[in-house]
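Hey, can you work out the whole structure from these sequences and the hints?
For what it's worth, my numbering labels the leading residue of the sequence shown as 2, then goes sequentially.
What the hints contain is simulated information worked out from the structure, not anything from laboratory work. Each residue gets a CB set at the ideal place from its N, CA and C atoms; glycine is no exception. Incorrect hints may have been included.
Straight-line Cα separation of at most 27 Å, DSSO-like style, residue types lysine-lysine; simulated pairs [as the list claims (entries may be wrong)]:
1. Lys304 / Lys464
2. Lys60 / Lys89
3. Lys286 / Lys380
4. Lys307 / Lys376
5. Lys553 / Lys464
6. Lys307 / Lys277
7. Lys268 / Lys380
8. Lys552 / Lys506
9. Lys334 / Lys81
10. Lys265 / Lys380
11. Lys376 / Lys406
12. Lys376 / Lys286
13. Lys683 / Lys843
14. Lys277 / Lys304
15. Lys672 / Lys683
16. Lys553 / Lys456
17. Lys334 / Lys265
18. Lys464 / Lys534
Label pairs and their in silico Cβ distance ranges [said to hold, decoys possible]:
19. Asp558 / Arg413: 54 to 60 Å
20. Thr592 / Asn831: 43 to 49 Å
21. Cys845 / Asp733: 43 to 49 Å
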Amino acid sequence: MATPDQKSPNVLLQNLCCRILGRSEAGVAQQFQFAVRVIGSNFAPTVERDEFLVAEKIKKELIRQRREADAALFSELHRKLHSQGVLKNKWSILYLLLNLSEDPRKQASKVSSYASLFAQALPRDAHSTPYYCARPQTLPLNYQDRSTQAVPSVGSLGSSGISSISACTLGGPGPGPQPLFPGQSHQGPGVGDCLRQPLGSRLAWTLTASPPSSQTPTSKGVPNAVSRSVARSRRDGDSSGTMEITEAALVRDILYVFQGIDGKNIKMNSTENCYKVEEKANLNKSLRDTAVRLAELGWLHNKIRKYTDQRSLDRSFGLVGQSFCAALHQELKEYYRLLSVLHSQLQLQDDQGVSLGLESSLTLRRLLVWTYDPKIRLKTLAALVDHCQGRKGGELASAVHAYTKTGDPYMRSLVQHILSLVSHPVLSFLYRWIYDGELEDTYHEFFVASDPTVKTDRLWHDKYTLRKSMIPSFMTMDQSRKVLLIGKSINFLHQVCHDQTPTTKMIAVTKSAESPQDAADLFTDLENAFQGKIDAAYFETSKYLLDVLNKKYSLLDHMQAMRRYLLLGQGDFIRHLMDLLKPELVRPATTLYQHNLTGILETAVRATNAQFDSPEILRRLDVRLLEVSPGDTGWDVFSLDYHVDGPIATVFTRECMSHYLRVFNFLWRAKRMEYILTDIRKGHMCNAKLLRSVPEFSGVLHQCHILASEMVHFIHQMQYYITFEVLECSWDELWNRVQQAQDLDHIIAAHEAFLDTITSRCLLDGDSRVLLNQLRAVFDQIIELQNTQDAIYRAALEELQRRLQFEEKKQQHEVEGQWGVTAADEEEENRRIQEFQESIPKMCSQLRILTHFYQGPQRSGQHDCQGVSSSLSRAAWYRAAVSGVIDDQP
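Quick look at the structure:
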């Protein structure tokens, strides 16, 4: 049975050395002591225990070997492993797998035997004291006395075997042989891969892969870093009153400055806003300049950190701003990872009993090289911070996007990564808006704004608008307008049309667009993928809305009803309505009752083709009385009205109905002039034969006929212009645009353009006020002509009646055998005829005055006449209607 002494770890370790080397106990004493010291070491590894970094390195190595499928499979397996809690030390397992997968293509010098393995380390493990042979049980394997037994004093580091242990051995576990000297061919596993690691991890591989210089106890070569520090400290002590700073002290200060912390010799100068080396420090210009260049990283770090600290606490900064701060924090975290590696390396140098040599020690020059890429990143981030000051939401995304337009691929990649994070809230707002019609923008970051105070009837026009300042620069104005219309159409359908159809049935686009890769779609395929999603949602939603308006709410039918009734397109109805209304409208406006006029309207509808219109349309047709002014008749205050409500009121707004009312009043007045002149012509035809027996009256009748004919010609030309040149052409253009409209905004714009056109061409706009006044003066003269002619005809017919009565009385007297007329009767008749003949010049004067007022614009002001002429010429109005016939009159 074995004794406890034979089972002790020391005895087992010595037996293992004997078995490996095939020698006796005395022959393996040197190798046995080396093995004991290696096992008794307790140095912490410099490799960062970051599972994510190891996994990323494995994936990058697979991709470097063109094994993309394996990399994807590994990523999926790692995700599943991470979601399970079976394994405790996932990082250790991944790290082991990484080191076991050493690239066989590397020309690594393999050790042929375990004996040669020991032989490699022994020259660096020489003792300064004479060799002695001790029994295994006397050698310590614990760590209790390591500080006193295993680590010699600083003064003896040059001859200590521990001082020669390589950085890789001190740095932690690693498979295979330890790193050799710079001139040798062997290299630690994974060193070539470490350059592809980001920042901290990459530098960790760089630092731990650098072996110390080969030196023996009797070497007279370059001393190690600790020896240099000791020697330099002694020289500093010899200097009387001068403060000479070592490079190692500068390195330590620089590492603090990198974190925004003042060092002993490098501090922030608030006046110049930069880090400066103390003036009393005795440094040569090269070291001072290098330290200042390195300290710029601290200044950049402070600038970024100050921005993130201030904005992270500001809730009003919004989701986009918080995403920007998170992206900056992510970059700073990577920067801190680098600093942790540098601090670990510096701490490793400062540990007593450990020397890394010149090749692995931290120097200012090496810091310049290792911080070159981080400095570029921090400069880019600091520039972004400056450019994004005072911005939020889409404006902030635009500011970040502006920095992607650079020729530097490294900088562009960094900014695009930040932009992908910053744009996620904007994309979330966007997809929620175009697929659900919901706007959850608490901090007003989205380019679509909502006004909750707007009522439902103004939802389309006023509730949703574009914040132009918040439109991201990677989106065009056309895309922004379509995005606005998509969500607005969905809300209009739900709230105004009361159509609760799910958006999934309106839009054929799936909501898979909300996946995270959409940020990449936005930047890499902006013209196709992203644009296609917007266009598809826009066309489908707009088409569905127009179908609902046309089929369920008969939008086009109501538009045609406006043309027929308010724009006097239904000729038989308008004419019959005028005939029925004439007895009522000639009365004073104050004596009219709306219910009487409504009854007349219904009678006119039943008696004409208007009866075949839809009951929904006829129900909306009504009579409206305008505000009454003193002296107004029914003609002045009568108007037709068309009631609109619900969704169609979005197209036929109050402003539009006001335009319709103005145009109707103008057309109604012009139609009345035509109606009056028709009555005048009827009077001419009926009374022409009757008044032939009054020859002295023929001149008056001729003058009246000429003036009436001129007015009839004028009104006919004006009616032609209004009906064909204005209404029909404008209506045809409107109808074509409505048929081709892609969304409701197109219909509204076409309808408003139609109203603006007919308003201006009917001389109802502000620029045509003078012409409209002249036209109204002509209308007044037509009404005055009717009154004058009625008075003339009334006087002429009364005179004719008296003459006929006188002749009948004379014939009756002759039949009775009496004198036909007495002298007194004849004298009375002649006096009456003379009075009538004396009134004829007065009638002619009235007609001349009327003619003068009618021709007034032509004779009193050529400028006004030319204005009317040019206006009518542009509309193909016959010029002779105004000037040609009138100018020929004497």
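Problem - Numbered hints the structure breaks, given as an ascending list - result: Violated: hint 1 alone.
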